[in-house]
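*Asks:* Modelling step: build the complete structure from the supplied sequences, incorporating the hints.
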Amino acid sequence: MPKLTDRSAKTLGEGRHDDGDGLRLIVSKSGARSWMLRYQMQGRRRDMGLGAYPEISLREAREIAADARKLARQGIDPIEARKASRKANRPVPTFKDIAALVVADAQARTANEKVSYQWERHLGPAYCGPLLERPVNEITTTELAAHLRPIWKAKPEVARKLYPAIRRVFDRARVILKADHGIAMSENPANWADFKAQGFEAPKQLSRGHHPSLAYPRLPAFMSALREREATAARLLEFVILTNVRTDAALKAKWSEFDLDARLWTVPLDRMKDRKHRSEPFRAPLSPRTVEMLREMAKGRVSEFVFPGKRLKPLSNMAMLTLLKRMNNVDGGKWVDDATRRPIVVHGFRATFRTWAEETAQFPHAIVEEAMGHVVGTSVERAYRRTDVLERRRALMDAWANYCEPSAATNVVPLKKSGGSTGS
Numbered sequence: 001m002p003k004l005t006d007r008s009a010k011t012l013g014e015g016r017h018d019d020g021d022g023l024r025l026i027v028s029k030s031g032a033r034s035w036m037l038r039y040q041m042q043g044r045r046r047d048m049g050l051g052a053y054p055e056i057s058l059r060e061a062r063e064i065a066a067d068a069r070k071l072a073r074q075g076i077d078p079i080e081a082r083k084a085s086r087k088a089n090r091p092v093p094t095f096k097d098i099a100a101l102v103v104a105d106a107q108a109r110t111a112n113e114k115v116s117y118q119w120e121r122h123l124g125p126a127y128c129g130p131l132l133e134r135p136v137n138e139i140t141t142t143e144l145a146a147h148l149r150p151i152w153k154a155k156p157e158v159a160r161k162l163y164p165a166i167r168r169v170f171d172r173a174r175v176i177l178k179a180d181h182g183i184a185m186s187e188n189p190a191n192w193a194d195f196k197a198q199g200f201e202a203p204k205q206l207s208r209g210h211h212p213s214l215a216y217p218r219l220p221a222f223m224s225a226l227r228e229r230e231a232t233a234a235r236l237l238e239f240v241i242l243t244n245v246r247t248d249a250a251l252k253a254k255w256s257e258f259d260l261d262a263r264l265w266t267v268p269l270d271r272m273k274d275r276k277h278r279s280e281p282f283r284a285p286l287s288p289r290t291v292e293m294l295r296e297m298a299k300g301r302v303s304e305f306v307f308p309g310k311r312l313k314p315l316s317n318m319a320m321l322t323l324l325k326r327m328n329n330v331d332g333g334k335w336v337d338d339a340t341r342r343p344i345v346v347h348g349f350r351a352t353f354r355t356w357a358e359e360t361a362q363f364p365h366a367i368v369e370e371a372m373g374h375v376v377g378t379s380v381e382r383a384y385r386r387t388d389v390l391e392r393r394r395a396l397m398d399a400w401a402n403y404c405e406p407s408a409a410t411n412v413v414p415l416k417k418s419g420g421s422t423g424s
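So the sequence shown is residues 1 to 424, counted in my numbering.
In case anyone wonders, no lab produced these hints; they're calculated from the structure.
As the structure is a prediction and not an experimental result, all values here were calculated from the model.
Please note that a few of the clues may not be correct.
Result set (DSSO-like, lysine-lysine): computed pairs, CA atoms no more than 27 Å apart in a straight line [stated by the list, open to error]:
1) LYS3 with LYS70
2) LYS114 with LYS299
3) LYS313 with LYS254
Computed Cβ-Cβ distance ranges for the label pairs, DEER-style [as the list claims (entries may be wrong)]:
4) ALA193 with ALA366: 14 to 24 Å
5) LYS334 with LYS310: 22 to 32 Å
6) LEU101 with LYS334: 44 to 54 Å
7) THR142 with LEU312: 45 to 55 Å
For glycine and all other residues, C-beta sits at the position ideal for the given N, C-alpha and C.
*Replies:* Encoded structure:
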């Protein structure tokens with residue numbers, strides 16, 4: 001016989017109070033009240049919460065308990081049945097929902113702003129617009145093929161990265177749908193075998209060729225033209241050239257990373273492209289000219305970043321490219337790659353340095369590679385190596401800086417105090 005009444009359910013003190021057949025009212029020390037049903041499945045005791053009182057009344061608790069007991073007599077675990085019901089009643093995530101998770105994961109694994117942007121763009125409205133609001137389990141291979149075919153033909157370089165990104169969305173979706181919604185996707189609708197059956201061929205690898213670079217004999221003249229410009233972007237470009245670092249590392253350089261007395265810049269591991277193969281930050285030796293430039297800039301320091309933009313955050317990665325375009329406009333388009341006649345780009349100066357080092361500097365190959373920030377040696381060799389050959393690299397970078405100096409015949413313009421301008 002039931003033991004509880006509406007009145008007693010409201011007034012009983014702390015403890016567990018039986019209503020019969022395993023139904024109990026649990027009253028905590030604070031006075032909070034909740035329902036619990038105790039039952040057995042295959043000889044195993046289980047406790048099932050039924051909700052709080054008075055949100056769930058005594059009558060409702062008895063009805064829920066009766067339904068649960070009925071399932072148990074049929075060999076169905078009421079707790080598992082409730083989990084399955086909740087999964088089935090959850091809204092099925094859209095392609096956009098899953099894509100957001102994939103993008104977030106990909107961005108967390110890279111420090112490259114361009115790669116981070118590409119993930120967001122490829123799985124966003126630009127290339128996946130018609131798919132975004134669709135329940136992810138309703139999108140078919142035929143639909144995907146129809147969506148991707150125009151991109152495959154018109155922009156193979158985009159298709160080459162877009163297809164695996166989309167496939168990753170559905171791989172993630174299969175796991176989430178099964179775990180959270182009780183929905184089993186039998187296969188990935190972006191399965192390559194099914195795409196091939198519809199006439200797709202692997203998009204050709206885009207051949208971009210080499211980054212346009214300046215021939216090293218012309219570098220002193222370029223440096224003279226560069227120093228005529230007072231903009232932060234111009235100082236940044238000179239810094240990139242003299243240190244031979246990659247753009248992203250220079251853009252985010254902070255004053256706290258520099259020891260100007262020791263002529264040293266310690267680049268954090270997370271800004272190194274080869275960080276997976278490194279265990280320590282990269283130590284970049286600074287030439288006297290670089291130190292001189294940084295000391296002058298420090299007099300007008302306005303941010304933790306060495307090369308700040310208008311909002312005191314790092315300059316945009318387009319700042320130096322814009323500067324180069326304007327320099328070409330002013331100088332009659334002479335800052336081009338001699339072989340291709342294409343305008344030079346920032347990354348091309350690394351090729352300029354490498355060519356100069358190989359052809360004229362006569363430093364050992366391993367020293368040049370270390371200065372490039374490349375992985376040197378096999379994994380076994382690196383395991384036993386205990387030096388980053390800093391002083392030998394310092395000699396190399398000093399020689400490079402000396403070579404970059406405008407000759408006496410050029411119009412050398414002394415370094416001017418930075419006024420915080422980011423233009424060119």
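*Asks:* Flag every earlier hint the structure violates by its number, smallest first.
*Replies:* 2, 4
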